[in-house]
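Q: Residues per chain, in single letters:
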Amino acid sequence: MSCPEWEHQIALDAGGDLEPDEARRLHEHLEVCPDCRRLVDEMRENQQALGALGEEELALGSVRERVLARIDRPRRFGFAWAWGIAAAVAVAGLVIGLVRTEPVEPPQPRVAVQAPHFDLPPVAKPKKPLANARGSEASILSRDRQGAVAEPMVVKLLTPDPDVVIYWLIERKAGTE
Amino acid sequence: MTAQAGADRRAVFERIMAAHERLVLATAYRLLGHREDAQDAAQEVFLRLYRNLHKLGVADPRAWLYRVTVNVCRDVQRRRVPQAELDPDYPAGNPSADAALSFEERKKLVTRGLEELPERQRAMVVLRDIEGLSTKEVARILGVAEVTVRSQISMARLRLKKFVDEFLRRRV
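Residue numbers (the working numbering), protein chains in the order written: chain A, 1 to 177; chain B, 1001 to 1172.
Hints listed in this document are in silico derivations from the structure and should not be mistaken for laboratory results.
Being a predicted model, the structure only gives us computed values, none of them experimental.
All C-beta atoms in this analysis are idealised placements derived from N, C-alpha and C, irrespective of residue type, glycine included.
There's no promise every hint is true.
Unchecked claim - Straight line, CA to CA, 20 Å or less: simulated EDC-like cross-link-like pairs of lysine to aspartate or glutamate: (1) B:Lys1162 <-> A:Glu57; (2) B:Lys1108 <-> B:Glu1131; (3) B:Lys1108 <-> A:Glu57; (4) B:Lys1162 <-> A:Glu5; (5) B:Lys1162 <-> A:Asp41; (6) B:Lys1162 <-> B:Glu1105; (7) A:Lys156 <-> A:Glu171; (8) B:Lys1162 <-> A:Glu45; (9) B:Lys1162 <-> B:Glu1116; (10) B:Lys1136 <-> A:Asp21; (11) B:Lys1055 <-> B:Glu1104; (12) B:Lys1055 <-> B:Glu1014; (13) B:Lys1108 <-> B:Glu1166; (14) B:Lys1136 <-> A:Glu19; (15) B:Lys1108 <-> A:Asp41; (16) B:Lys1108 <-> A:Glu45; (17) B:Lys1108 <-> A:Glu42; (18) B:Lys1162 <-> B:Glu1119; (19) B:Lys1162 <-> A:Asp35; (20) B:Lys1162 <-> A:Glu42; (21) B:Lys1136 <-> B:Glu1146; (22) B:Lys1162 <-> B:Glu1115; (23) B:Lys1162 <-> B:Glu1104; (24) B:Lys1136 <-> A:Glu22; (25) B:Lys1108 <-> A:Glu5; (26) B:Lys1108 <-> A:Glu7; (27) B:Lys1108 <-> B:Asp1165.
Said to hold, decoys possible - Some residues of chain A that are not near chain B, with every Cβ distance over 10 Å (derived): (28) Cys36; (29) Leu68; (30) Asp163.
Use the sequences and the hints to build the structure in full.
A: Here you go:
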């Protein structure tokens, strides 16, 4: 097994890429290391094979006719021009779009007429259970200790969506305004 | 451009192309391993030469041609579909009965091994070891320092050696 610390030097030496003093030091080492000498021989064989590739006649044909045909082909519309015009049109369209765009205001909810505020006379005892006011305009009556009832304030809020109506029921203590 | 100037330009271009077509094609083939890709790359190199002829201004356009060939081949490789097959005529390193490697087999093997190298290392081996350019010329063509060429090329040669060793190990 060759010496790892000398491998790169050997690889460079195979291609004649060592400086003179580097080559001298390597050759001193090679005198005492048969494994590295073996590596040198193998690397040189690869280098010779690579060098021989450079001498080979490769049957790659010729591109001369193709190149001349491309040069002689008339250019109807310059490629660079086409891209330039396309880019200019795109920029112009973007500018026009930005200028004409107006900010869109969200629709403002319409507030319905506020339910009138009035005082109910005190009721001693309810004759039937109170209705569940969820989803409807029914009033929820609250009582004080004496059984007096205060009418809650009902606010009906209409929204842009006709299927959505918001009711605010604000309870008030009896006897308060 | 006057008609005379255009004719002169054309004549200069054709002369340069005739003198260096083999150089460009062979380098492209070594870098790409595929004849058709090499021809496409060479065509692009010469079209760029035609467009930039007025900028060259040097007596020997080889360095420029090598540099553009490496760049064009790099672009071709990056556009390639992965696992693209090599040219069927590209050496496949067929093993022979003899355990030792013949010179022809070794040539085929190192050619195959080139394909396994990273792009930059492959370019350095092609320019330095196959095309025979100096380290200084390779550094100038690739736009790197000479010390980088030395470092990368020694790694590339060691990788090629490992590739050949692996092939021999599997064959035995």
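Q: Hint by hint, say whether it matches the structure.
A: Status of each hint after checking the structure:
| no. | hint | verdict |
| --- | --- | --- |
| 1 | B:Lys1162 <-> A:Glu57 | violated (27 Å) |
| 2 | B:Lys1108 <-> B:Glu1131 | holds (17 Å) |
| 3 | B:Lys1108 <-> A:Glu57 | holds (14 Å) |
| 4 | B:Lys1162 <-> A:Glu5 | holds (16 Å) |
| 5 | B:Lys1162 <-> A:Asp41 | holds (14 Å) |
| 6 | B:Lys1162 <-> B:Glu1105 | holds (15 Å) |
| 7 | A:Lys156 <-> A:Glu171 | holds (14 Å) |
| 8 | B:Lys1162 <-> A:Glu45 | holds (13 Å) |
| 9 | B:Lys1162 <-> B:Glu1116 | holds (11 Å) |
| 10 | B:Lys1136 <-> A:Asp21 | holds (19 Å) |
| 11 | B:Lys1055 <-> B:Glu1104 | violated (42 Å) |
| 12 | B:Lys1055 <-> B:Glu1014 | holds (16 Å) |
| 13 | B:Lys1108 <-> B:Glu1166 | holds (14 Å) |
| 14 | B:Lys1136 <-> A:Glu19 | holds (13 Å) |
| 15 | B:Lys1108 <-> A:Asp41 | holds (18 Å) |
| 16 | B:Lys1108 <-> A:Glu45 | holds (13 Å) |
| 17 | B:Lys1108 <-> A:Glu42 | holds (15 Å) |
| 18 | B:Lys1162 <-> B:Glu1119 | holds (17 Å) |
| 19 | B:Lys1162 <-> A:Asp35 | holds (15 Å) |
| 20 | B:Lys1162 <-> A:Glu42 | holds (11 Å) |
| 21 | B:Lys1136 <-> B:Glu1146 | holds (6 Å) |
| 22 | B:Lys1162 <-> B:Glu1115 | holds (13 Å) |
| 23 | B:Lys1162 <-> B:Glu1104 | holds (18 Å) |
| 24 | B:Lys1136 <-> A:Glu22 | holds (18 Å) |
| 25 | B:Lys1108 <-> A:Glu5 | violated (29 Å) |
| 26 | B:Lys1108 <-> A:Glu7 | violated (24 Å) |
| 27 | B:Lys1108 <-> B:Asp1165 | holds (14 Å) |
| 28 | Cys36 | holds (13 Å) |
| 29 | Leu68 | violated (8 Å) |
| 30 | Asp163 | holds (56 Å) |
Hint check: violations occur at hints 1, 11, 25, 26 and 29; the rest are consistent with the structure.
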